[in-house]
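As they're listed, the protein sequences go chains B and Z. Be aware that the first sequence starts at 0, since it is given in numbering that gives the first Met the number 0, and climbs by one per residue. Be aware that the second sequence starts at 0, since it is given in numbering that gives the first Met the number 0, and climbs by one per residue.
Treat each hint with caution, since some may be false.
Claimed, not checked - Computed footprint of chain B on chain Z; a stretch qualifies when at least three of its residues, placed anywhere within it, have a C-beta under 8 Å from a C-beta of chain B:
{"#": "1", "stretch": "57-68"}
{"#": "2", "stretch": "224-232"}
{"#": "3", "stretch": "307-319"}
To be verified - Counterexamples of contact, computed for chain Z against chain B with all Cβ distances above 12 Å:
{"#": "4", "residue": "K32"}
{"#": "5", "residue": "S129"}
{"#": "6", "residue": "P140"}
{"#": "7", "residue": "E243"}
{"#": "8", "residue": "A323"}
Bear in mind the hints are in silico, worked out from the structure with no lab data behind them. No residue lacks a Cβ here, since even glycine has one placed at the ideal position from N, Cα and C.
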Amino acid sequence: MELSREQLLFLYTTMVKIRLFEERIQDLYARGVVPGLAHLYVGQEAVAAGVCAQLEPRDYITSTHRGHGHVIAKGAQLKYMMAELFGKKTGYCKGKGGSMHIADVEIGVLGANGIAGGGIPIAVGAALSSKMRGTDQVTVCFFGDGSSNNGVFHEGLNLASVNRLPVVFVCENNLYGISVSQKQHQLIEDISVRSIAYSMPGVTVDGNDVVAVFQEAGKAIRRARAGEGPTLLECKTYRWRGHHEGDPNQGRRYRSMEEVQQWMERCPIKRLEQTLLGKRIATRKRLQEIWESTRGEIDSAVQYAQESPFPQPQDLYEDVYS
Amino acid sequence: MRELTYAQAINEALLQNMERDERVFLMGEDIGKYGGIFQVTAGLLDRFGPQRVMDTPISEAGFVGAAVGAAMTGMRPVVEIMFIDFTTVCMDMIVNQMAKIHYMFGGRGKVPMVLRTNIGAGRGAAAQHSQSFHAFFVHIPGLMVVTPSSPYDAKGLLTTAIQDDNPVIFVEHKKLYATKGPVPEEFYTIPFGRAELKRKGRHITVVATHEMVNRTLRVAEELARQGVELEVIDPRTLRPLDQETILDSVKKTGRLIVADEGPVTCGIHAEIAALVAEQAVEYLQAPILRVGSPDTPVPFSPPLEQIYIPDEEDIRDAVERLRAYL
Ligand SMILES: Cc1ncc(C[n+]2csc(CCOP(=O)(O)OP(=O)(O)O)c2C)c(N)n1
Chain B
0 MELSREQLLF LYTTMVKIRL FEERIQDLYA RGVVPGLAHL YVGQEAVAAG
50 VCAQLEPRDY ITSTHRGHGH VIAKGAQLKY MMAELFGKKT GYCKGKGGSM
100 HIADVEIGVL GANGIAGGGI PIAVGAALSS KMRGTDQVTV CFFGDGSSNN
150 GVFHEGLNLA SVNRLPVVFV CENNLYGISV SQKQHQLIED ISVRSIAYSM
200 PGVTVDGNDV VAVFQEAGKA IRRARAGEGP TLLECKTYRW RGHHEGDPNQ
250 GRRYRSMEEV QQWMERCPIK RLEQTLLGKR IATRKRLQEI WESTRGEIDS
300 AVQYAQESPF PQPQDLYEDV YS
Chain Z
0 MRELTYAQAI NEALLQNMER DERVFLMGED IGKYGGIFQV TAGLLDRFGP
50 QRVMDTPISE AGFVGAAVGA AMTGMRPVVE IMFIDFTTVC MDMIVNQMAK
100 IHYMFGGRGK VPMVLRTNIG AGRGAAAQHS QSFHAFFVHI PGLMVVTPSS
150 PYDAKGLLTT AIQDDNPVIF VEHKKLYATK GPVPEEFYTI PFGRAELKRK
200 GRHITVVATH EMVNRTLRVA EELARQGVEL EVIDPRTLRP LDQETILDSV
250 KKTGRLIVAD EGPVTCGIHA EIAALVAEQA VEYLQAPILR VGSPDTPVPF
300 SPPLEQIYIP DEEDIRDAVE RLRAYL
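Next comes chain B alone, as it looks inside the complex (with noise of 0.2 Å):
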């Protein structure tokens, strides 16, 4: 099936806001303005961009420690972002949660996690209720390859399996759990393979070819949402930067510059830029305005989390029941 003009501006456009976004944080770090931990997802942005586009509002997704792309691309705004980053009271979790747990229940997210692989079981009872409820909403779980190796993951498919649910698991394969590379942590090339063992269907994809990966999560979401069951979509892709932002010279204490180079020069955005540009669905002007407006909604996040705020002394106490 071919995209539309639309649909394919609409994934350029979110994997640049993705980009920049990511940008700012590290430069943000780098200048010690925000605290505590990031772990970016430069050179990932089709995977998130090419899930949530398949995505309607009412649909769940839960995300992982890097999780900054898959919750712009489900729809949340980044001003509030900036300000959970900054550890402000406007902050989508009022400065409690930071990089780590950004959520928003109302758009869907459930929330990024800081425990590898503590998404998934959380994504399967999004999609027990939604069955329960007899509502058609899906929910898309991402976690990592090496998060795929905790047992949640083989529990959670089963139980999805078994009941058929409408959830979507999206394996990111970025070819390292921080240090350890895939193959030191498993033995198998595919971990869609794993799909087999709890009789889903199990595709792997190019993750940064966007387009590819907007289609074969078509076909996954279509499948839950039609009551058919759950689907394993692995995409294989790399993070461009270390595994956070403390991570010495971008992760070279266990990869190689030639390796980190291979695979920038396969960036997602400049692959879909060329489609876009080749098949003349848009001029090099209309791309640059998209980097620069999207530039200035980054400049008006990062004053409005500069200018909010940080919580109150009795903040602290509060939140901690319903």
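Please arrange chain Z with the ligand on chain B, whose structure you already have, making use of the hints.
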């Protein structure tokens, strides 16, 4: 004596134990090439190879359980759990297996393994990477719980832990990794259940753990100039707990503050307070006070996180509240 950081002291203990005892091996996430996220195992992979310094997949229940099995069958595994927060992922292996086996089997078989992990907030890592729930493990019979507060203690206690035939939860503190102190080059042990009197004083006994020891010592220094003398005790191991040293001190001072970074409710504070209430109540001249974390998850926002962490000011406040009884 030469000085090492707390992280280097632990590293040296691992190295010396691995050199002396072929049964000792390490398992954990990113402990090999990466050297552990706090660099505690740096260099050990080069020295001992991947058989004895194993980078594991992210599967805490799997490798902690595997360590239990290896320990039962003649090895001496030392497992690293990157943050204490992730011990919840393998709680069955720790609580129902590791801790229980020796007793449940009527003394047949033993589990000589060490589970190293760390506590402490203050790095902006939010609620799932900053907890200090080491007291959880003190609640479980069958486990030893060790809480070193200095590089010297860290090295000596870790060797004792590795040599011990029981399962040990070895709880490090993130804030301490970079602190330096004198550490002998030679191989040495520090017995479990022996507290250290960090400072002598007449007025108030403060039982403090981990970084709270250093915070208390700083406060004690200031207060001494004002004529208030704190007696500071570091239990070093919470199970077994050196009851005698604590009780002797309280009998002398008649006043007790317990300072530990864990949440106060059901923390180690409560246990030590109960011990004194049961065995030395007649010596008490003041209420027992607890300094610890509030009953909230750890907040991300820096100003809130600073309030969350029990610090010098909280210790000073507690002392202030006891002034009326001095
Ligand atoms: C249960 C648990 N164990 C360990 C960690 C520490 N940790 C955080 S991210 C990470 C690697 C995750 O790798 P992967 O799932 O491939 O995601 P990626 O970082 O590559 O996006 C690890 C080991 C954790 N957060 N949770």
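Point to revise | Violations among the numbered hints, reported as their numbers in ascending order | key: Result: hints 2, 3, 4, 5 break, sorted rising.
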